[in-house]
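Chains A and B, in that order, are what the protein sequence lines are.
Residues in the first sequence are numbered from 1 upward in steps of one, following my numbering.
Residues in the second sequence are numbered from 1 upward in steps of one, following my numbering.
Think of the hints as simulated: they come from the structure by calculation, not from any bench.
Misleading hints may appear alongside valid ones.
[As the list claims (entries may be wrong)] What follows is a set of in silico ranges between Cβ atoms, one per label pair, in the way DEER data are often shown:
#1 A41/B / L295/A: 48 to 58 Å
#2 V220/B / A175/A: 15 to 25 Å
#3 V55/A / V307/B: 36 to 46 Å
#4 A408/B / E44/A: 51 to 61 Å
#5 Q194/A / A64/B: 15 to 25 Å
#6 D102/B / A281/A: 28 to 38 Å
#7 A21/A / P389/B: 31 to 41 Å
#8 A21/A / H433/B: 49 to 59 Å
#9 A331/B / L295/A: 56 to 66 Å
[To be verified] Stretch-level coverage of chain A by chain B, calculated; a stretch enters the list once three of its residues show a Cβ under 8 Å from a Cβ in chain B:
#10 22-31
#11 225-232
[Stated by the list, open to error] Chain A is faced by these chain B residues, among others (derived, beta-carbon under 10 Å):
#12 V162
#13 A286
#14 V344
#15 T412
#16 L436
Where a beta carbon is used, it is the ideal one built from N, C-alpha and C, also for glycine.
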Amino acid sequence: MDLTPSTREEMAAVLREASAAGRVVDIRGAGLHARRGRPFTADEVISTRGLTRLVDHVPDDMTITVEGGTTVQEVQGAAAAHRQGWPQAPAEPSATVGGVLAAAVSGRRRLRFGPIRDSLLEVVVATGDGRIVKGGGRTVKTVTGYDLPRLLTGSLGTLGVIVQATLRLWPLPMAETWFGATGDDAAMLDLGQQVIADLHRPTAIVASPGALHVCLTGVPDDVVAPPGMQPGGEPHGPVGAGLVQVGVPPVALPALARRLAADGQDYEAWLGTGICHVAVASAGEVAAVRDLAALHGGHAQVIDGDDPLRADPFGPPPPGADIMRRIKDAFDPAGILCPGRFAGAEAVPA
Amino acid sequence: MTTAATGLADRLRDLLGPDRVLEGDLARSLYSHDGSIVDGACGLVVLPETTEEVSACMRIAHAAGVEVTPRGSGTGLTGGAVPLGGGLVVSLARMRAMDEVDVANSCVWVQPGVLNLDVSTAVAHLGLHYAPDPSSQQACSIGGNVGTNAGGPHCLAYGVTVQHVMGVEMVRPDGEVVMLGGVAPDPPGYDLRGVVVGAEGTVGVVTRVLLRLTPLPPDVRTMLLDFTTVADASAVVQGVIAEGVIPAALEMMDRNMTLAVEEFVHAGLPTDAAALLLVEVDGTEAEVTTATAVVERVAREHGVRTVRVARDEDERALLWKARKTAFGAVARVKPSYYLHDCVVPRTKLVEIMEAIGEITEREGVMCLNVFHAGDGNLHPIIALDRSDPDETARAMRAGDQIVRACVAMGGTLSGEHGIGVEKREYMPLVFDHDDLEAQACVRRAFDPSGRMNPDKVLPTGTRCGEVGLADAQVPEGTWI
Numbered sequence: 001m002d003l004t005p006s007t008r009e010e011m012a013a014v015l016r017e018a019s020a021a022g023r024v025v026d027i028r029g030a031g032l033h034a035r036r037g038r039p040f041t042a043d044e045v046i047s048t049r050g051l052t053r054l055v056d057h058v059p060d061d062m063t064i065t066v067e068g069g070t071t072v073q074e075v076q077g078a079a080a081a082h083r084q085g086w087p088q089a090p091a092e093p094s095a096t097v098g099g100v101l102a103a104a105v106s107g108r109r110r111l112r113f114g115p116i117r118d119s120l121l122e123v124v125v126a127t128g129d130g131r132i133v134k135g136g137g138r139t140v141k142t143v144t145g146y147d148l149p150r151l152l153t154g155s156l157g158t159l160g161v162i163v164q165a166t167l168r169l170w171p172l173p174m175a176e177t178w179f180g181a182t183g184d185d186a187a188m189l190d191l192g193q194q195v196i197a198d199l200h201r202p203t204a205i206v207a208s209p210g211a212l213h214v215c216l217t218g219v220p221d222d223v224v225a226p227p228g229m230q231p232g233g234e235p236h237g238p239v240g241a242g243l244v245q246v247g248v249p250p251v252a253l254p255a256l257a258r259r260l261a262a263d264g265q266d267y268e269a270w271l272g273t274g275i276c277h278v279a280v281a282s283a284g285e286v287a288a289v290r291d292l293a294a295l296h297g298g299h300a301q302v303i304d305g306d307d308p309l310r311a312d313p314f315g316p317p318p319p320g321a322d323i324m325r326r327i328k329d330a331f332d333p334a335g336i337l338c339p340g341r342f343a344g345a346e347a348v349p350a
Numbered sequence: 001m002t003t004a005a006t007g008l009a010d011r012l013r014d015l016l017g018p019d020r021v022l023e024g025d026l027a028r029s030l031y032s033h034d035g036s037i038v039d040g041a042c043g044l045v046v047l048p049e050t051t052e053e054v055s056a057c058m059r060i061a062h063a064a065g066v067e068v069t070p071r072g073s074g075t076g077l078t079g080g081a082v083p084l085g086g087g088l089v090v091s092l093a094r095m096r097a098m099d100e101v102d103v104a105n106s107c108v109w110v111q112p113g114v115l116n117l118d119v120s121t122a123v124a125h126l127g128l129h130y131a132p133d134p135s136s137q138q139a140c141s142i143g144g145n146v147g148t149n150a151g152g153p154h155c156l157a158y159g160v161t162v163q164h165v166m167g168v169e170m171v172r173p174d175g176e177v178v179m180l181g182g183v184a185p186d187p188p189g190y191d192l193r194g195v196v197v198g199a200e201g202t203v204g205v206v207t208r209v210l211l212r213l214t215p216l217p218p219d220v221r222t223m224l225l226d227f228t229t230v231a232d233a234s235a236v237v238q239g240v241i242a243e244g245v246i247p248a249a250l251e252m253m254d255r256n257m258t259l260a261v262e263e264f265v266h267a268g269l270p271t272d273a274a275a276l277l278l279v280e281v282d283g284t285e286a287e288v289t290t291a292t293a294v295v296e297r298v299a300r301e302h303g304v305r306t307v308r309v310a311r312d313e314d315e316r317a318l319l320w321k322a323r324k325t326a327f328g329a330v331a332r333v334k335p336s337y338y339l340h341d342c343v344v345p346r347t348k349l350v351e352i353m354e355a356i357g358e359i360t361e362r363e364g365v366m367c368l369n370v371f372h373a374g375d376g377n378l379h380p381i382i383a384l385d386r387s388d389p390d391e392t393a394r395a396m397r398a399g400d401q402i403v404r405a406c407v408a409m410g411g412t413l414s415g416e417h418g419i420g421v422e423k424r425e426y427m428p429l430v431f432d433h434d435d436l437e438a439q440a441c442v443r444r445a446f447d448p449s450g451r452m453n454p455d456k457v458l459p460t461g462t463r464c465g466e467v468g469l470a471d472a473q474v475p476e477g478t479w480i
């Protein structure tokens, strides 16, 4: 069987057959976000890389509809031809649209432009049992029915394969620049806090060990270096065997970052948003980071790492787990789509 | 009422006292309506004041197997808060407490009965506001806003309600209280918070809402532009955005609406214009200066007659009053109105406005238009006298054709009012059987008993199939 279907109907057929045969499947786009969630054993890996058509692009409506295997770079390229862009997307040109949506990967411009889920207008998925289901709508505003686009964003392939997405685009800004500064961790965090206090809607304020990066977007007069900073490039992100994403109340983030710095851990804190990515080397470090996150009123999930690092990728089961389970059952009745990926068997109280 | 229902009233009175359980004819009649023209049937009304009371009411309703319809201020325009089967209405109108503002995290917990405008008023001294601003914001409640995923003029740049709700506390159909989302972003698991917003009270009763507060812009400019044709005004909407400027708000009003509003508000609107655009740009001083120049240039390229820039806050408030009291001004034309809330792609504005003109002329009804042009969200208001059955029938026919025209142009049924009862039978125009069944399954995952605000949103007969509802597929001990 062809595991790289080239139409949504073929994708649905492959899933229908897998459901009938009880074969467990994993779904793969570019593979950049494949090491997420609890490890499970798949009988086969289905690729979305055969689904790469640009279905519809209406520059005047600032919407673009693409198949799930289209890359971020392809979307940005099509949009840029009309002086538009997808500012919520991560800086991962080779990632697929389906992949970043399924994993809910937001880009660093989140502080100004919001999370990735705000950019998804309409979604089409092939469910585990091979139905093709559409949710949302292609207009920039809609409250027509239940919000399947938000439900699918971050569902990690457990509800269906994203075969098509309609995204909201934004005008490219007249000016945008990354600025950088280096110094000791505390001084960099303080400088970041100062930028938040001084500027109206900064685009990104990223603190990492010994450095601060700030992105400003808008009209040229507003895109000037904050005091103590110079024009520079975008940060590179923390490096380690694994990566944990922490979410804490925004005000708690500098304190959390100070602790990480004191512990000598590599991190990237998106000031103002409460998001922090932390490099980890062992399951013990995952647990330690999770404890630290909880101490600061938040949570932590492993977003990259080999199997041992992902023994407990999410921590305690979230509120409404029974609701999630029923949704999963309805979209994937045979339980073939990445089963156990969201599981927290050991963590569920008896 | 049946004996069982009488027993229900007794149990609720034991819980809330006699004053907060309403079962008189007047109350039941009042609570059988909202801002729409839907006539419902209400059996009983409760007025809880705390989450615990809502939870206790829901446990009682659950035990009695009674249908429940949550209700905020009752300003909804699609019948979403109207009970149809004589069930229990849980009014959240008395739950009007606001927590202390969390300034450091720019958010605040409020109860659902808090009125939309009261939030912005309460936080203005902190340099913050609550961005979604439906025209009914003086009367509509945050709970209702959450139910319908409400919009408003400023949603063009700032986004709709779901983008400003960080978390909700919800009482589930069986009375259990669950907290979804919160101050810490991106919690693990499916985004149930995102589903609750816009679910029109069909998945539970929201009892507390964590609202994101947005800094007030340092500078703002409000302009009124007038045109001799709708096509010119529409071209400006398109042109401004094509230039890379997303105004904070971009509203259009046609001549019929302008006449009605001017008589009412006396804002000095040019009543001979075919279309007015109310444009607001905000941001830093440099952003506002640049955006204003773009708006004025594009407007002149398309034959604008006058550009009126609000000189001060009073004039700005007057222009917005003209916009936001538009629905009320219709009362000067006819005693009632019937409106749709469809959305079309922005590129179809001229086409749809022509179609609406043709449809309403053919049916011999008067249509007034005031809408969020920037995001293509129409509000064609058909003025009518409901005591005239023939006119009412023609208004309904015109409305039906308008909806179909919008969908045919690539649009959708609702931008911000929701589906409720009025639009549910149109759902198959935009969704096929599998799409609707999937939505029914999501709803059922929240409410297996099917008692939460039944007969809303989804068309009659839509069911979550027999597939996979038994909870048996996912092994015990896993959470998804």
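Against the structure, the hints:
1. A41/B / L295/A: 48 to 58 Å: 52 Å, holds
2. V220/B / A175/A: 15 to 25 Å: Holds - the Cβ-Cβ distance for V220/B and A175/A, about 21 Å, lies within 15 to 25 Å.
3. V55/A / V307/B: 36 to 46 Å: About 40 Å separates the Cβ atoms of V55/A and V307/B, which means 36 to 46 Å holds.
4. A408/B / E44/A: 51 to 61 Å: The hinted range 51 to 61 Å is violated for A408/B and E44/A, with Cβ atoms some 42 Å apart.
5. Q194/A / A64/B: 15 to 25 Å: 58 Å Cβ-Cβ, so the 15 to 25 Å window is violated.
6. D102/B / A281/A: 28 to 38 Å: 35 Å, holds
7. A21/A / P389/B: 31 to 41 Å: Given about 60 Å between the Cβ atoms, the range is violated.
8. A21/A / H433/B: 49 to 59 Å: Violated, at about 25 Å.
9. A331/B / L295/A: 56 to 66 Å: 57 Å, holds
10. 22-31: Result for this restraint: violated, n = 0.
11. 225-232: Result for this restraint: violated, n = 0.
12. V162: For V162/B, the interface hint holds, since the closest Cβ of chain A sits about 7 Å away, which is under 10 Å.
13. A286: Result: holds, 4 Å to nearest chain A Cβ.
14. V344: Holds: closest Cβ of chain A sits about 7 Å from V344/B, inside 10 Å.
15. T412: Nearest chain A Cβ about 4 Å off; hint holds.
16. L436: Status holds, d = 8 Å.
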